[in-house]
Structure formats: C-alpha cells, structure tokens
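So the sequences go chain by chain: A, B and C. So for the first sequence, this note's numbering puts the first residue at 1; every next one is plus one. So for the second sequence, this note's numbering puts the first residue at 1001; every next one is plus one. So for the third sequence, this note's numbering puts the first residue at 2001; every next one is plus one.
These are computed hints drawn from the structure, not numbers from a lab. Computed from a prediction, not measured in an experiment: that's the story for all the values here. Hints are supplied without guarantee of correctness; some may be wrong.
What the hints assert, rightly or not - Far from chain B by the CB rule (all over 10 Å, computed), these chain A residues: (1) Leu6; (2) Glu84; (3) Leu96; (4) Thr127; (5) Leu188; (6) Val196; (7) Cys216.
Stated by the list, open to error - Stretches of chain C that chain B covers, calculated by requiring three or more beta carbons in the stretch to come under 8 Å of a beta carbon on chain B: (8) 2074-2085; (9) 2156-2169; (10) 2216-2222.
Heads up, the beta-carbon is just placed ideally off N, CA and C, and yes, glycines get one too.
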Amino acid sequence: MLEPSLGTTMAFTLGRSITLAFLSTVLCILFGFPLALFLVFKAGRYRNLLFFLLIIPFWTNFLIRTYAWLVILSDNGWLNHVLELCGFGPQALHWLFTPQAVLLGMFYNYLPYMAMSLYVSVEKLDTKLLEAAADLGAGPIKRFIKIILPLSIPGLVAGSIMVFIPALGEFVIPDILGGGTSLFVGNLLAQQFLTVRNWPFGAALSVVLILLIGVCLYAFEKSTKGDTGDLLA
Amino acid sequence: MIAIAAVWGFAKYKAAQLELAHATSHKSTLHLFAMSDYFPANVIKEFENKNNCEVRYDNFSSNEELLAKLQAGATGYDVIVPSDYMVQALIANKLIASLDKNLIPNFHNLGRDFVQVPFDTGSKYSIAYTWGTTGLIFNTKFVKGDINSWDVLFKKEYSGHISLLDDEREVLGAMLQKLGFSVNTTNKTELVAAQKLLISLKPHVRLFASDPKQHLLSGDVWISQIYSGDAHQVMKTNPELRYVVPKEGGIIWIDTLAIPMKSRHEDLAYAFINTILDPSVAAILTEQLLYSSPNQAADVLITDEKLRSSFLRKLSVGHLEFLKDLGANGEVWDQLWTEAKSQ
Amino acid sequence: MKLFQKVFVGSIYVFLFLPMFVLVTLSFNSAPRGVGWQGFTTAWYSKLLEDQAILEALSHSLEIAVQATIFSGIIGLCVGMTLGRGTGFNKKFLSRIATLPIVLPEIVQGLSLLCFFVLLAVPLGKFSVVIAHTAFGTAYVGTLVRARLMAMDPLLEEAAADLGAGQFRILRKVTLPQLWPAMISGMLMVFTLSFDDFSVAFFTAGVGATTLPLKIYSMLKFGVSPEVNALSALILCASFILVTIAFWNQYQRESKVRALS
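Modelling step: build the complete structure from the supplied sequences, incorporating the hints.
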C-alpha cells in the first residue's frame, strides 16, 4: 500500500527524530543531574530560591522563549555580537536554522523538566546513607557511583520519559529554529495533515509513532520495575 | 492559597467581562480568513464603523491550509482570500458560492484583465484582490553582478545564505522553469527531474520561509525566492535589496476575495468586498501593503507605477505563468515534495 | 572545585534566563524589525495595547483556559477519586491511560482529536479547543488528586462514618476539603498549560478561535512586528508575578507549618 519512497521518507524522518530526542535527553541528563545534585547538597539556604528560579521558565510561554533564540542565534544576533567583542571576528557562528539550533532549542525547553524530576528524586535520598558511606571511607566519587546514582534511577527514568517522548513528536521547535530544512516526525505530520492533505499517510505515521512511544514506555517501566509510579502519578 | 485563588478569580472575571461585552453588543461579526497582515488595521476599522459590525480576522499560512480547514468542516468564515489556483480547487469542491454581482456595484472598477482571468472567467466566484509575481530578491551588499536567473541560487558562494518559499507549487515550479518545463506539468519525468534538482539544491538552502523579510533584513539570508508584494515592502526598509523576475520565467499570481458556501453573514461579506473595490480604499490598501492592485479606477490614485493594474500589460507576460489547479494529479507533486523536504 | 561548581550552575541559570532578558531588552528597541539597537522607546507597548487582533487573541485564550480549567477540575476530581479509591478493575491499566496525556507528544493528541472531531462532524471552533484542553487537563488534575488521596489519612473518613455521617456528607466535609489544595494546584497548572498551549490548539482551533499562541505563531512566520517582543515581555512579567505569588504562598504555609511543629 505504501509506495517505497514514502516509506523511506517515514524511516528517515523517524530516524532523525529519534536521534534528536535521544541527544536532547542525554544533554538534559548531563546538565540536569549536576544541577539537581548542587541544589540538594550544596545550595544550603538558597535552595528554595534556586528551585523557584528553575521553575519560572517552565511557566512562561515556550513559543516566546523559542522565538527569542531566533534573535540570539541570528548571524547578526546577540551571540555573534558578543563573540565579536571577544575577538572571534564577525558572524563567527552560522548556527541559526541548522540542526544544532534545533538541538539547542530542545535542550533549552526540556532541561527544567529533567532537572525537576531529578531534584525530586535526589531530595528523597536518605543523607544518612551518604554519611555512613563517608564514615566507612568512601570518597565523593565512590559515594556518587554506588549510592546516589542507583537511587536516582527512578528520577532519571521519569525525567527521561518526560523529555524523550514529547521530544519525539516535537514540531514547533524544529519549525521555528530549523527553518524547515530538516523534517522531523512532528513537522512531517503537520505538513501531511494541513498542507499536503494526505490524511491516510499522516495517520499511518502517527500510529507508527504511537507504537514506538508505547514500546519506549514499556521499556522504561520495565527498567525500574514500576518504581516511577509515584513520580509520575 | 488565597492569592492563587484571587489571581484565578480575577482572570475568570476578566474573561467573563470580555465575553459579556461581546455578547451584548448586538453587532454581527464578519469572519475574515486570510494570510497574516493582508488587511491594514485602519481599513478594517473603517469598515467596522461604517457597517456597525465587528471583524474577526483569522489567519492561515498557506492556500493548502485554507483548503484543509474548509474541507475539515470549518464553517463560519464569511470572506476568504484564496489564490488563483486554489479558487479552481474550491469551485471543484463546491466550497465557495457564485457571486451575485448586483450586490457588488463597485465591480466595474476592476481592470478587464482581472475579470477575465484563466482560473475564473468572468469572475463568477472570486474577485481579484491583489496581484503580483514571484521572483528573486537579492542583497546587493553581498551579491554582486546582474542577477536575472534562477541559476544564482546554485552558485557556491551563496551556499547557506539562500531561502526558498515554503510552498510546493512555487518551489517545484521554479525548478521546473529552470529546466524549461511548465509549472503546471503533470508529466512524471519532468517532475522527478525537478525534484532531483531541488534535492541537490537543498543542502545549500538556509531555510524555507514564505515570508523571508526579517531574514533578509537580519542578514541571515542574501538571496530569497519571494512574492513581489513582500519584496516591495522590504525594499522600502532596505534600499540595498533588489527584486527581479528570472528570465526563465516567474509565476504571476492573483489573490482573490471569495465567499464560502456556509457563510452566515453574506450581506456583510458582500459589503466588505464592495468596500475593497472602492478606488480610494484600494489606493490606501496599495500604499500600505505595497501589493499591486487590480483596481483600474484606482490607478490614478496610486503613485508607484509598478503597483497599478495597468502594469500587468507592461510586464512581458510571455514567460510568466499562472498556477493552475492540478486536481487529482497534484498527488504526485505532494509526494515528491514530501520526499524532497525530508531528505 | 567549589568555584567550578558555582560557575557551572550559574551559567546554566544564565542560559535559562538569557532569552527572556533578550526579549525584554529588545522590546524597548526602536529599530523597526529588531535588528540592531536604535534607541530606547516604549512605542511598541502602546502600539500593542491598540492592536485589536492581539487583544482578541488574548481574550480567546483566557476564555478557553477558564472553561478548560473548570471542566478539568470537575472531571479530574472524579478521575482522581476513582483511581485512588476505586476497586474492581485493573487499576494499573486505567492509571496508565489517565496519565497518558501528560506523556504523549502534543501533536499526537492534537491530530487525533482533529480526526475525532471531523469523524463526528463536530464543528471546529472555540469549544473544540476547550474539549481538547480538557482532555489533557483532566490527566493533570486527576494525577494530583490521586496522589493527595493516597497520602490522605483514611482514618479521618472512617471516624466520620463511625460518627454517623452519610457518604455524601463525608465527601463534602472530610474528603473534599483535604483534596481542595491538590485540585487548586492542578487547576492552576491546567490554566497555565491551556493558556500556553500551541500544538493542540493549532489543529483543533476553528473559526474565531485564534488563541494568543496561535496569533504569535502567525506573527512569527509572517513579518515580525516588534510588538511581539513587547507582548512577550509582558507575558513573561505576568508569569513571573504569578509564580512568585504561588511560591510565596507555599513558602508562607510551609513556614507556618514549621513554626507550629
């Protein structure tokens, strides 16, 4: 039923989206985890304030925040102006409307979700465990690997679900920051339904996407044996 | 807790207030559905005052989206602004009504060329609103030489600084013209050749934008495929930009006003169309939008020669093509466009 | 090491707030298309307040958000209570379905609702958006209510029953007052989500239902007027104030609790 060429389109697009969602999730974890750890262990009396500051972007309109990046990343935009002042020469970065810009936008939008999820999970840690480990002679790195990391897994998984799965279907950020040159699943769906009006193909693609998400959710749940229940619910 | 409830209550109150104000004002509402920024606020306001009504202006971003929304059952629009080829599709799908000219006394102000149009001879279903061409705009600061061909898009020195319209008919059409074919072809070989050309060009395209004005001004893009009206607007802001219709051919287009079948305020719709056709209103529109006018009676009021209806004759219409509705044959276009864009 | 940590965290926050800072600054820029600084002005703000289309979009957004919040609150409450107290069916299965809208990509939700509406010949308009927003709103309210329900002490309800209170009375006097904070948080969240929502409204909005995000999107795609910057700055301010109030409240309550214990 599906001609081979539309099928390859589906495959390309899905592949691209999965890669993007995966990279976004990884970036969010890389930056979100240290942030959460800092907030819980090192922030002291500023903890609430910092948490509050983290929440603010989450509550402001994401369309607007994404649009701001257009201005920042433009060839003659803020970022390049600043770099020029630092001596890098004019128009140093050619980032707008490239996949890099899209990844940046995704990372920017999803970081708070991951950070919050990890924060909630790390906060529940019993500090006595860490104290005991320290007493027994474990250094900070060992404490991290053996205690903090394993106990944070529910938070990691919950955060990953909150980032990876919506990121798969994201179409606004690629649309605004990507310039329409690379199509992701979300863009393809929007295009098929509203412009090309090939609803059957769009519906087929949606079903594939939903099945893919279902598989991911199942895998995630299995990995924590349902422990994320109390974080998502 | 109280503060949250207070803020929430306030928002609720405000919304109710707005809704109440709207409901009790016994004015009818004209629902206008067109591309963004296509009707200046002062023109709308005048119409609202003269006819004691309100105008709700909703936007769509492409003709195909208009068709999709109408086909999906969106009722309640009173005036829509489809382009030439879309009018054919709308007629075929029985989505627009034939017009009663008796209710449009200003109809005679239209230039003859804009009444006997190929997509709706005699203007039975649609009234020409604006017209123009699609061509190339380039920034003389970065682009040297005399540009007059689609070839310039393929030059290596401009890679990464060009933009194309986000429209399958326009983009594939440009590729077809460069190869010497018609923009309305349904010949699969020709179309696949155009698609291949597009795919080869795509890595050098910075972005697809149906309105590249801001990107031209910010310097992100040096050469764009653009509609003539947008070109005039942006050239006014930056005189270093220049617009040209490529020698291989450009596309000439006419945007029209039409009344959908299920309109609930036909009288207002007719009044609106009639107002637009008034020469003084047409002149104001043209001066503000910088899109060419099809209104012959307004020619004397329009200062820029290029924006008058009479300019159509001066263009070497020979190599300019109108887009035609391809009906079911359009599916090949759709598929090729989807594939090309997802490379 | 400590300095590195502080710099690292600090730069993340700078990164998070940079776009907002840029927007606010740009909203005072007198350059016509926001390119290059050309002097301070508040002209865009006054122009914004006169822009009929934007004000209309704002009122649509508010209307839809309020309606969606109310419906979500009611239905969400029922969902939450069923999930927390219900028996006799596969609760895990139902709870997963109930939380699905939180996780599914918005485009999938929007598209499926569009197909659904078209299938049932429901005219697209403002109400279709309300329905769509309620659909995912109930998930949020339901989840929060259920969590609160599970954390509640069942003994209170048992005590009320022992004292002779009927089922409805228990609900009204014991259960609901305790669930109320969760409902309020949920509804506040739904209000924000509905007001901010773009993806779902993009597909389900019909005639005269242009919401603020939809209007901003079309302004972004077709000739950005610097009014957008002023509008963004205002919305940012409003959200900032709202969150501050919510947090201040939370902080106050917590310190009261701490003081009491």
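For each hint, the structure was consulted:
1. Leu6: violated, 6 Å
2. Glu84: holds, 13 Å
3. Leu96: violated, 6 Å
4. Thr127: holds, 31 Å
5. Leu188: At about 6 Å from chain B, leucine 188 of chain A fails to clear the 10 Å cut-off, so the statement is violated.
6. Val196: violated, 4 Å
7. Cys216: Cysteine 216 of chain A is indeed farther than 10 Å from all Cβ atoms of chain B, at 22 Å.
8. 2074-2085: violated (count 0)
9. 2156-2169: violated (count 0)
10. 2216-2222: The restraint on the region 2216-2222 of chain C holds, since 4 of its residues have a Cβ under 8 Å from chain B and three suffice.
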